[in-house]
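Engineer: Spelled out, the chains give:
Protein chains: 2
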Amino acid sequence: MSDKFEVVGTSERKVDGLALITGRPVFAGDLDLPHTLHLALLASPHAHARIRRIDAGGAARLPGVALVLTHENTPSLRFTTAGQGYPEPSPYDARMFDSKVRFVGDRVAVVAAESPRLAREALSLIAVDYEVLPAALSLDAALAPGAPVIHDEADAEGIWDAPHNLAAALDVAVGDTPAAFAECVAVVETTCETQYAQHAPLETHVCQSYLDDNGRLVLYTSTQVPFHLRRIVARILDLPIHRIRVVKPRIGGGFGVKQEVLLEDVCALVTMRTGRPARWEYTRSEEFVSARTRHPFRIRVKVGAREDGVLHAIEMDAIQNTGAYGTHSLTVLSNAGSKTLPLYNKAPHLRFTGRSVYTNLPVGGAYRGYGGTQASFPLETALDRLAERLGLDPVELRRRNHIGSGETSPIFAEMGEGREGVPMIIKSCAIPECLNAGMEAFGWAHKRARPRDTGPVRRGVGMSLHMQGSGIPLIDMGAATIKMNDDGSFHLLIGATDLGTGSDTILGQIAAEVLGVRLEQIVVYSSDTDFTPFDTGAYASSTTYVTGKAVERAAREVEEQIRRVAAVMLQTEAGAVQLGDGRVIAPDGRSVTLAEVCTRAYYGADQFQIGATASCVPEESPPPFMASFAEVAVDVETGQVRVLDYVAAVDCGTPINPRMAEGQVEGAVANGIGYALTEEYLFTPGGKVRNADLSRYKIPRTLDLPPIRVILVDSYEPTGPMGAKSIAEIGINGPAPSIANAIYHATGVRLARTPFTPERVWRALREAGIG
Amino acid sequence: MSDKFEVVGTSERKVDGLALITGRPVFAGDLDLPHTLHLALLASPHAHARIRRIDAGGAARLPGVALVLTHENTPSLRFTTAGQGYPEPSPYDARMFDSKVRFVGDRVAVVAAESPRLAREALSLIAVDYEVLPAALSLDAALAPGAPVIHDEADAEGIWDAPHNLAAALDVAVGDTPAAFAECVAVVETTCETQYAQHAPLETHVCQSYLDDNGRLVLYTSTQVPFHLRRIVARILDLPIHRIRVVKPRIGGGFGVKQEVLLEDVCALVTMRTGRPARWEYTRSEEFVSARTRHPFRIRVKVGAREDGVLHAIEMDAIQNTGAYGTHSLTVLSNAGSKTLPLYNKAPHLRFTGRSVYTNLPVGGAYRGYGGTQASFPLETALDRLAERLGLDPVELRRRNHIGSGETSPIFAEMGEGREGVPMIIKSCAIPECLNAGMEAFGWAHKRARPRDTGPVRRGVGMSLHMQGSGIPLIDMGAATIKMNDDGSFHLLIGATDLGTGSDTILGQIAAEVLGVRLEQIVVYSSDTDFTPFDTGAYASSTTYVTGKAVERAAREVEEQIRRVAAVMLQTEAGAVQLGDGRVIAPDGRSVTLAEVCTRAYYGADQFQIGATASCVPEESPPPFMASFAEVAVDVETGQVRVLDYVAAVDCGTPINPRMAEGQVEGAVANGIGYALTEEYLFTPGGKVRNADLSRYKIPRTLDLPPIRVILVDSYEPTGPMGAKSIAEIGINGPAPSIANAIYHATGVRLARTPFTPERVWRALREAGIG
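Protein chains in written order, with the numbering used here: chain A, 9 to 779; chain B, 9 to 779.
In case anyone wonders, no lab produced these hints; they're calculated from the structure. The beta-carbon is built from N, C-alpha and C at its ideal position, and this holds for glycine as well. There's no promise every hint is true.
Claimed, not checked - Pair by pair, the computed Cβ-Cβ distance ranges are:
| id | chain 1 | residue 1 | chain 2 | residue 2 | range |
| --- | --- | --- | --- | --- | --- |
| 1 | A | Leu-85 | B | Thr-710 | 47 to 55 Å |
| 2 | A | Glu-627 | B | Arg-526 | 33 to 41 Å |
| 3 | B | Ser-123 | A | Leu-41 | 22 to 30 Å |
| 4 | B | Val-576 | A | Gln-579 | 48 to 56 Å |
| 5 | A | Arg-308 | B | Ala-613 | 34 to 42 Å |
As the list claims (entries may be wrong) - Stretch by stretch, here's where chain B covers chain A in the computed footprint (C-beta under 8 Å, at least three residues):
| id | region |
| --- | --- |
| 6 | 45–53 |
| 7 | 214–225 |
| 8 | 247–259 |
| 9 | 494–505 |
| 10 | 621–632 |
Please model the complete structure; the sequences and the hints are all you need to start from.
Structural biologist: Now the structure itself:
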């Protein structure tokens, strides 16, 4: 489809590439303000405790200490750090500081001092008298009768179920699954567990705050959600929203964790109290412990098929560990079902049940994949078992059951995709092409047919099928402002948040496409709550689809204005002219340049500023799809799993910038391979993270990774900008199930817990009598 | 009229007042960038010379010198520094550097070095071999046969008449003045001369330039015309406009002189050549000599009246000294007629002739009053003579002749006010009220009737009547962008240029009025070519009238959007609701807050960014009017004139902010008193300014000034925002003629040359046998 475009579909360089590659001071931490106060965190050493007394006097008296903040001198308002739409679906269960701590790493106090060193030194002078409470350090412990109640404070909104440590619960039923399973020829049931994992952005959370010349508070911060952040900080500090400006400079990675308001409330308070700039940057260890994590899940999946290999019933029961606070608990829980079950819409009987459970462990949050990753593992391994039971190739089982164009799933309506009563109809679906292209590139038939290895290193192949969404319908919103210059160039102002993904570039390409200019003619600026229009932020794979559509709309409005001016200049009709190559061309070939058009609009007749602002709120969340293929080698003597080859064939609609789209998938697959094989939080018996650093928490390096081959399958989403859907998250869902299925193919052993570390694999092989 | 408004008509504090009064670093010179190169100017010591050879080697070799710019290594493109609309009416007679210098102070070279001191030191190492040419150091010398030709280079556009040193010429005739004068019972003819004068802004010209992180050129500069400046610098440096960003921070006074592009081209070139920030700030002495001045004029006025005291014919012949370059030559010349003659539209026979003459003297430019000031002096003193000849009170003569509501003047159409063939009709004119209110407050009748003093100090009173414009019709353009926040506040982004006048505040008041909120709810930002919409800039008394109208329009569009959202919330019609006090109120009294409205627009149904951009290009330039009254005391022994009392009664339509409007008039009157009494450039025989500093160029201090009583007369201009016209310039036109007429009333001596210094007055008194 992309041959009809000039700029879209081209692998343009990043518009911010020069600044990034030349090491310009473009990140939040690079801001160098005089008289800055540096902040340091006193984190709880206990998993669960009440603060009987806190004596900050010693710290406060240390020369160079400006302020010590504790629960005794800070606002006590309850809020959520989740950075979601308003009203937030996450419970208001957090305070800036509280008299109770709920996990090892919870905020106890923050010191603001003249230097980072002084601030850290002062921490040791804060005397805290804790009443240590029994802690719930696992799902089972939190759910057991008589378990410690983690949020025993009042829940005014009745959102969470304090006595049972439940942060959220869900039950969605379509049809009658128990009866349906009785009608199946094959039923498989499996329970899987997933681990705590880290986003590990290169740049940890960092915020700098200061008062501008007019006394307004500026937050210069590494965030995915500038406008949500502005609203939340305003509420916590009881400031009018317009007294706050949030600037999002370049970001060194987000992956969901920068959707959270973790530093900004405290920085803001320090600046408001002292009048001085404040700077707070998480250390890598704090990023692991005190920021957010991927929610661990325990998920039971039951799938049943009839004789023809068509699914008849699916049950999914998900228990989510949300840690000490319920940020994103409901929505990640919900997405575990809504980003997996619609894929197999041939099954008429469905049930999704879910509970989100508080524990005295680190806090879950938004993380690329957002429940879809966790639930894909049990569902796609269950289907692998089912295929075997039915004697079908796993690809063939998917072929018989996947959703297709013109179809819907009851889950879309039941779990909140689309307007009430109007289920989303899939308008673009290239799953068959993804399966075919992926199989062929991977050599699936040949590799699958290989006899099982018997030596110490055993190769095997596995596959899985995936979907994600493109933004959150009726909640996400993007907007764009375009302003024309008298050289025929344009300023594109967007509230959307480029986290390093290249979204600024993609949005510029969409504008350039409509306006018939090269990308260089578009000066892209994001994001700054003073200048850029409201945008819900970068999450839920929304930027290309949602903000991209807003950019397209704004550009179309500007195009119309240009046509009007040019038609007068060319003495023809506005509808008759064409934009292209920086010109407006009449049917007879005469043309004017865009520079001439804008110069006329500035200085000639009918003077006006050519420009427009447009918004987009999606009514649907068209899923991208992906067929994932992995080849592994399992060393049965050591338990080590190596991924030898990986193919991801993705239907993301029109790839606006193919190279960057491929990069998104490559990064997500690498991220998913780490999640599948090596990454996990290890805890002491007291609930303290044992490996809160990059030397002991193992993310894959380039050399640990296989070739990751990305195939962008041609499709066109009619509701998307230039036919685009999304691509940022889906790639991460593939590795865990594809690799688990490949390990089974290699060894005959099923793994039900991520990550597949050598120790865990070795034990499973031993239990199966292998190696 | 202003009692129908809530915020408009209120003397709100300046929105930037806190930053200004607390000394925040808000001016262009306050920017403190590392690795900045400092620039220093080598100015011509000769009034007219060719540069035979320039050896910059010694300077360039001085350690710490980065760059020496001369005509040998800089772009040779011709341009105008005038910063006017496009295409500029001023001739393209300037170059960045030229091989010929045309006045003492003309650019010869600029050094960029590590410190200001080094840069100045390096200047002395530049060896220039001049071929000194004969110079034309007065109007007569430049107009004499065989005069040195100042611009002997080609004039491709044929704009200027090189052999005759003419930069511009005009001849506008209505009716038959020679025949008409023959029909008059009284005819007066007078020729007056006005002097070179200085704007003397507190902040001299200052520009800082740097490359941003994306390699774009940023000009952070004290300018009245950010968008014109961007266009002009782009052209000189052959850069695309979108590679340049012009930021106008707070400005320490402009008065027209910051309409000129004087430093920015060189700063930009230094930054582009070196990659480093550059800083150039005129010294006070350079500001006097190398910046711009008020064009001196010699003007002959002939007025004739019939028996009834109604004017029958007016002739004005103006010769303007534009100095070495023709910036604003045509337009200031034209305004000498168009901002004075329409005032007396009872005269059916009019002729205006004008010539702008190049001399080897400092360069004229835009200066508050802009020709109107210079021409008011001869016209209003001529009318004083005519009143005496007719035996009429000067006020009565004006009453019989001034323009009124519903009337027009042929001058409006002939001299470019309004669309061709559509003469402007005056829609608001409170001249009678200004005359009455001014007379009464001043005590005119009583003071005028006093017998002439005979002692050494003689008191007298004089008056004059004035008009100015409100922007330039069909040339000026303003635009405004408004963006709503979810606390019910608004961002107002304007390209208009607050020079310290308070226009940001006034524009905020207009938005607040429409949107029914307090001024605090409007966050005003101006101006930045990246973010604020196109605006031609602050000149010609345009900001309130032109940009104010754009703000009103944008606010009305936003109001409509608010009504639409609120009507749904209140279950009523959009047309039925009212905005006020930060709420939207239904007919039955139910209401929602603006915060609720925007929160719904952000997060609820029909999500969109409430906001709008609107432009305004005025079709008319409705004149403000002013009656001016001065009382003086003339010491006939010393020639010293003291102003004892001053009343300015002004019709500016609705004063949006009365205190600031009064401040504008007070400042302009003070400026005009300096122009009338003390301020003038003194020259050596070689054409060098002898008093280029504030100790020898005498601007009045507070203690030198009389009480200046400003009366804002109630009127309402239907084409203006909330009924407003303009007020920035008109005040300066009054003092010279009112004081001259008062001196005559006191002494019987007419002065025909400004300023009325003690020496000049003493000589005139002696010639008249007085003292």
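Engineer: State for each hint whether it applies.
Structural biologist: Hint by hint, here is what the structure shows:
Between A/Leu-85 and B/Thr-710 the CB atoms are about 51 Å apart, so this pair conforms to the stated range of 47 to 55 Å. Taking the beta carbon of each, A/Glu-627 and B/Arg-526 are about 37 Å apart, inside 33 to 41 Å as hinted. Hint check: B/Ser-123 to A/Leu-41, Cβ distance near 25 Å, so the stated range 22 to 30 Å holds. The hinted range of 48 to 56 Å is not satisfied by B/Val-576 and A/Gln-579, whose Cβ atoms lie roughly 44 Å apart.
Under the hint 34 to 42 Å, the C-beta atoms of A/Arg-308 and B/Ala-613, about 38 Å apart, fit the expected range. Coverage of the region 45–53 of chain A by chain B is violated [criterion: at least 3 residues with CB-CB distance below 8 Å; count 0]. Given as covered by chain B, the region 214–225 of chain A passes the check, having 4 residues with a CB less than 8 Å from a CB of that chain where 3 are the minimum. Beta-carbon proximity to chain B at under 8 Å applies to 3 residues in the region 247–259 of chain A; the threshold of 3 is reached and the given coverage holds.
Counting residues of the region 494–505 of chain A whose C-beta sits closer than 8 Å to any C-beta of chain B gives 6, which meets the bar of three, so the coverage hint holds. Three residues within the 8 Å Cβ limit are the bar, and the region 621–632 of chain A against chain B gives 3, so the coverage statement holds.
Comparing the model with each numbered hint stated earlier shows that hints 4, 6 do not hold.
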